[in-house]
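Here the protein sequences come in this chain order: A and B. Counting in numbering that gives the first Met the number 0, the first sequence runs from 0 upward without gaps. Counting in numbering that gives the first Met the number 0, the second sequence runs from 0 upward without gaps.
No lab work stands behind these hints: they were computed from the structure. Mixed in with the good hints, there may be bad ones.
[Said to hold, decoys possible] Partial selection, computed: residues in chain B whose CB lies under 8 Å from chain A:
id	residue
1	G78
2	V82
3	G111
[To be verified] Listed next, the stretches of chain A that the computed footprint assigns to chain B, with coverage defined by at least 3 CB atoms under 8 Å from CB atoms of chain B:
id	segment
4	250-258
5	262-269
Since the structure is predicted, the reported quantities are computational estimates derived from the model, not experimental observations. For glycine and all other residues, C-beta sits at the position ideal for the given N, C-alpha and C.
One-letter residues, chain by chain:
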Amino acid sequence: MDQIGPVFVDGVIYSAWLFIAAVGLTLVYGVMKILNVTHGSFYALGAYAGASLTGAWLARGLPPMLSYAVLAGGALLVTLVFAPAIERGLLRFMYAKDEVVILLVTYALFLVLEDTIKLIWGVNPYFVAEPYALLGSFEVGGLRYPTYNLILVGLALFLAAGLAWILRGTRVGKLLSAVIHDPEMSRALGVNVDRFYLVTFTLGSLLAALGGSFTAPTVSVVPGLGVDVIVLSFAVVVIGGLGSLPGAALGAVIVGLVRSVSVHYMPQLELFVIYFVMAMVLAFRPRGLFSLAEPRRI
Amino acid sequence: MTRDRTPALLVAVLAAVAIGGLALPQWALFILTIACAQGLVVLGLMLLLKAGLVSFGQALYYCIGAYTAGSLARAFGLGDIFVQMLAGAAVAALVALVLGFLLARYRGIFFGLLSLALSMILYGLIVKSEALGSTDGFNLLPSMLFGIRPSGAWVRYAVAVAAASAALGSAFLVHRFLKTPLGRLGPAIKDNEIRVEYMGASVRYAIHVNYVIAATLAGAGGALAATTVGHIDPEMAYWTTSGEFVFIAILSGTGSVVAPFLGALIFGAIHTIAYDLSPNTWQMSMGAALLAAIVFLPDGLWSLFARRKAA
Chain A
0 MDQIGPVFVD GVIYSAWLFI AAVGLTLVYG VMKILNVTHG SFYALGAYAG ASLTGAWLAR
60 GLPPMLSYAV LAGGALLVTL VFAPAIERGL LRFMYAKDEV VILLVTYALF LVLEDTIKLI
120 WGVNPYFVAE PYALLGSFEV GGLRYPTYNL ILVGLALFLA AGLAWILRGT RVGKLLSAVI
180 HDPEMSRALG VNVDRFYLVT FTLGSLLAAL GGSFTAPTVS VVPGLGVDVI VLSFAVVVIG
240 GLGSLPGAAL GAVIVGLVRS VSVHYMPQLE LFVIYFVMAM VLAFRPRGLF SLAEPRRI
Chain B
0 MTRDRTPALL VAVLAAVAIG GLALPQWALF ILTIACAQGL VVLGLMLLLK AGLVSFGQAL
60 YYCIGAYTAG SLARAFGLGD IFVQMLAGAA VAALVALVLG FLLARYRGIF FGLLSLALSM
120 ILYGLIVKSE ALGSTDGFNL LPSMLFGIRP SGAWVRYAVA VAAASAALGS AFLVHRFLKT
180 PLGRLGPAIK DNEIRVEYMG ASVRYAIHVN YVIAATLAGA GGALAATTVG HIDPEMAYWT
240 TSGEFVFIAI LSGTGSVVAP FLGALIFGAI HTIAYDLSPN TWQMSMGAAL LAAIVFLPDG
300 LWSLFARRKA A
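Please model the entire structure based on the sequences and the hints provided.
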């Protein structure tokens, strides 16, 4: 049982990654009731932007320590280019439609964005391992971990705290919960609901892009990168409850730990357990572990 | 009352495939056969769509059908197309019968998410299962018809005609099902579930039946695809496969039992042409086509024909 340490550390690191990758999805669903498949596209866009910009930054011989800021900047840049255009140009005309139809619209957009990425960055893989190796490593239970992983954990905690503060502690957050509960009434009271939707979609996409750009140094960035992330983030947010922020955190921790235990003790069940947990949660608490009692619709 | 033209249309299409198939090149026959396989899956999705349900996990049954066919070939050397399709359909139906008790309680986005989770469970199991070839999958023996292995040049034609007869036969059965009281419940459920219950019908039972039929068709489609391609792999259960089926279903619309096959054929054609012209942007064309279908043809391609007839 000397694996407990590594199992735990792996679990925490993976949970942090999952939370960063998935929290934007729950935010967008919670506010706009859109199950956003393009979330995976923004993850991939972020990864490409992060990898290519950081690569260029390091190639110029600029200070490597600032490459972390470049990663974040790259994510912000692609999000600002694509997210507002998608929300204003297309999604806002769809809000009257059924949830499932909007899901299909975002699926169509995902297909378009997949190829847009190939058009911009080509099909060859990008590598930028420098930010990953830069900080050295630490050791747990005889296994070495790159210290970079602590940045992921820190980023996850920072995002969780920041989002919780915005939603619970600020005027904007209060207005947002009004928009969530009754968009029409909020509009009547003078809240600019359209702007809230625009900002929410952009923020949600930015979170996905950040997830992608901070993952980029740890993997080779190849086409199809976002495809796996979509189902994984679906699993995470569904387990915690669609649209719930604490739920996303709980979902990330559950999936992270379950996967890490499985990888260490029963690697052949790695993927199975994640979706098994998702199916079980849907079977017994379909609105997620964090759901409040909801009146029956039928 | 207008006469029901669908059976005549089905026979005409089958005859066209049987005669026209003689003149078609091998690759076109292949696309035609795959369209039949996908059309079978989409035919099932159409039943669910009529009841207002979108399954993002129909690849589960597609994959079950394919791996059933593959295992039959591996374990018993069985390569007969019809045996494989029946076996694939039967196993898929059995699984759906069990899972249906759970899924029939779900609607909207939760139905989609649960079916997605179930298909990803199968994907996760197959990917890590060495006995089934992990991520590589495995190859199937060449297809046989009634115990006879057609010679080289004829295989594609024979398989295409067999596929078309199975597909159009299923379409006919589904067409008949839609005329029964149970089959007519679908659109009513989509409109207003409470009224259906007040009428004395069980919504859950109706959805369960539709779900099992959809799975059966998907199982048969999966087996057909497996024997046509000659290779199966876990990607068949992945969510992108389910996404393609939903794509075709939306493109086709729910207007007629022939629509799924037309939709699948057009999907195959766009896929082949777009991929041929520009391998890096074919998904973009597909995405644009899907968007256009959702925005301009919310009832699918079939509504083009229906509108003309009404005029």
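Consistency of the hints with the structure:
For B/G78, the shortest C-beta to C-beta distance to chain A is roughly 30 Å, which exceeds 8 Å, and the interface hint is violated. Against a cut-off of 8 Å between C-beta atoms, the interface hint on B/V82 is violated, since the closest Cβ of chain A lies about 30 Å away. At a threshold of 8 Å, the smallest CB-CB gap from B/G111 to chain A is about 6 Å, leaving the interface hint in force. Only residues whose beta carbon comes within less than 8 Å of a beta carbon in chain B count, and the segment 250-258 of chain A has 0; fewer than three means the coverage is violated.
Remark: the segment 262-269 of chain A is confirmed as covered by chain B, as 4 of its residues place a Cβ nearer than 8 Å to a Cβ of that chain, reaching the required three.
Violated hints, listed in ascending order, are 1, 2 and 4; each of the other numbered hints is respected by the structure.
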